[in-house]
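S.K.: Next come the chains, spelled out residue by residue.
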Amino acid sequence: MPMATKIIIDPVTRIEGHMKIEATVENGAVRDAHCSGTLFRGLEIILKGRDPRDAQRITQRVCGVCPAVHATASTLNLDSAFGIADKIPDNGRILRNLVLGSNYLQSHILHFYHLAALDFVDVALCKDYSGKDSDLRSVKDFISRGELAPFVPRYEGDYRFDKDTSQTLVKHYIEAFEIRRLAQEMLTLFGGKMPHNASVVPGGITEHPTVDKITGFFWRLNRIKEFIEGTYLPDVVAVAKTYPDYLKIGSGPGNFLSYGVFDLDGTVGDYSKRQRLFQQGAVEGLKSFKQLDTDQITESVAHSWYDGADGVHPSEEDTVPNARKKEGYSWVRSPRYEGKVYEVGPLARWVVSYFAGNKEVKEMLDNAVKDLGIEFTDLNSVTGRHLARALEAKVVADNMANWVLELVPGDPVYKEYEIPEEGSGMGIVDGPRGALGHWIKIKDKRIERYQLVVPTTWNASPQDEKGQPGPMEQSLMGTEVKDEKNPYELVRIARSYDPCLACSVHTISIKGERLGSIRVS
Amino acid sequence: MRDTAAKKPGGYILVVDGSIPTAEDGLYCTLGEIDGALVTMKDLTKELAKDALCVIAVGTCAAFGGIPKGSPNPTGAKSVSDFFKEEAIDKPLINLPGCPPHPDWMVGTIASVLLKGLPKADELDEKKRPLAFYGPLIHDNCPRRAYFDAGRFARQPSEPGCLYELGCKGPYTYADCPIRHWNNGVNWCIGAGAQCIGCVEPDFIDKYEPLFSKLDEEALERFKIKTR
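Protein chains in written order, with the numbering used here: chain A, 11 to 531; chain B, 14 to 241.
Simulated from the structure, these hints should not be mistaken for lab results. Please note that a few of the clues may not be correct.
[Unchecked claim] Only pairs whose alpha carbons sit at most 25 Å apart, straight line, appear in this in silico DSS-like list of lysine-lysine:
(1) 350/A with 251/A
(2) 453/A with 350/A
(3) 220/B with 453/A
(4) 227/B with 425/A
(5) 251/A with 404/A
(6) 98/B with 133/B
(7) 133/B with 455/A
(8) 58/A with 98/B
[Claimed, not checked] Quick list of the computed label-pair ranges, beta carbon to beta carbon:
(9) 138/B with 187/A: 47 to 55 Å
(10) 127/B with 58/A: 14 to 22 Å
(11) 50/B with 225/A: 55 to 63 Å
(12) 15/B with 166/A: 57 to 65 Å
(13) 123/B with 166/A: 50 to 58 Å
(14) 50/B with 254/A: 51 to 59 Å
(15) 120/B with 143/A: 36 to 44 Å
(16) 127/B with 492/A: 53 to 61 Å
(17) 156/B with 456/A: 32 to 40 Å
(18) 154/A with 138/B: 37 to 45 Å
(19) 85/B with 475/A: 25 to 33 Å
(20) 121/B with 254/A: 26 to 34 Å
(21) 172/B with 141/A: 51 to 59 Å
What you are looking at is a predicted structure, and each value in this text was computed from that prediction instead of being measured. Beta carbons are placed, not taken as given, at the ideal position from N, Cα and C, and that holds for glycine.
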């Protein structure tokens, strides 16, 4: 019988939150994989009995990386519970899009340069930099002092860019900080501050579009657009071409789900049918498109540290933690659509929009497939996820430039409402990392039940009651690991999903040699 | 982190982010494994605090418990100071609350400790916050203050006027947000027409819930004293 080796990566670094990967490698490939979320705070329990409006402030504080989309989802949720989902003034709708869009740009650039790129680019090659660029000289000084964090520790062995290209990419790594800062400032113009904007509220937004704010928004956006087109997209293509094997590595379940994002029209109260920039829907097996039916969303807790039934709709779900549950291995639950495993995120959004007939998405994806000389199915991979994210950044930035000009200074931004004695709501929208749903039940004007089903819960979910592994687990399984002491393939796969564990939470025993019990990747 | 603690006892600052879950032996937050055993935030904090020069609790969760400590506190979340009290750990502590805390507050405080050593007693308020950042009352520096004095109040969000009637916590919150502003000085909560929710105060999120409820007499006491 072949020797099985267990690789434990805990914590997985350069992601948001607390995550562990446990992979069993046999004959050089991953046979089984478990992903675990290792932090629980019980937000849904804390929300019970509070004023529904507090959910907007509290839920976005689930995490500082993508609070904007939690602010959006909770606000849409409250709008629907308060009966004003179809009455938000256009200025309010557009400003909400601009706030969320700014966060998309910041988040995508953050993910590629500051979280994922170090898997592909060797920063140490800056040690003999001889040019005059002040950023690169400071990186060189930094390395020469022996200050290597956050660039090491890392897994060694597979850096393919030559010295000059690596140095250029490190320069972009530094530039990306400035670009992200501009995106945060853009959000702040209409949001008050970031993280945790103050202005996106049920009824609309508290801030007015004024000419000076619009101008301040515009120049920053133009600078970011230049960066996306001239730097970000070409760099992602360079990674795709230099690491062509990653078009075959990390394929997920092949089922993709999106709630759509960026409302283009505010008059349809049902979010699953509202006209959005990226479309709602599900694509199974990379072929058949299905309209989004939110009744098909359920969660299971078979292998999560919670008590409760499996296959429950989020609106009916309670949160009962059980830290010592024997079958459990994660604080993340297992959301499923029609009982099946679905991937969410930029790639899912683009595949769904593609099959829903979104012309712009179709043209860009077809061109990318042609330029890279690959098959459409190759997009279901590590590279495909990075590529979809970069293409999306461009489309979002281009559209934001149009939206900002649709603002009408002086027009209303807010619609008054009353909190009902009883009611229920649903807020669904895609965030940078994928499909996000908030559900509320109100009784005596207070929260009776609140439930969040967040993107990384979908992607990093553990096995469900039928034994179906989650998307990230499926991506890891079957992967060849060239060097068990440096499992760079596995962290590249995990990071391609852009996991963000903080809001997702609201390893098998095979005998074998255990490698470094704690490895920081 | 453990290497630093072993190599430089008394020569490092421990920065704690997040409240410390203490229920279920701390299993609600684990930070990796050592020799196959899970390491809880609770145990790691205790271990690293032992030889630290001082401890900085960053963010409202670490400083005061924050949202996780909100009723019914399902994870037994504790602030660093409450946790230290319980564990009988006696270390100089600086609290930098805020949800999130302003980067200037963090960098400024850490730089100050590095350059000038531990803060003197009169440089911190009674809640161990540096007065340099948490000294002024928001209400005293608010650009909408004149509306308050003139009795002009906004009736709904997005209106001009003082946001007091809409539950603004500016009259009981101490921080320099109105002067410093956020994200490179671009804006701040009240600047965007939204109420201050008092995110740097120990009472966040329970005492003045709903967050948009109007402040009571007791809360206004602090502000009266301050402005007389």
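S.K.: Failing hints, ascending?
M.R.: As far as the earlier hints go, 1, 2, 7, 8, 9, 10, 12, 13, 14, 15, 16 and 20 are violated by this structure, in ascending order.
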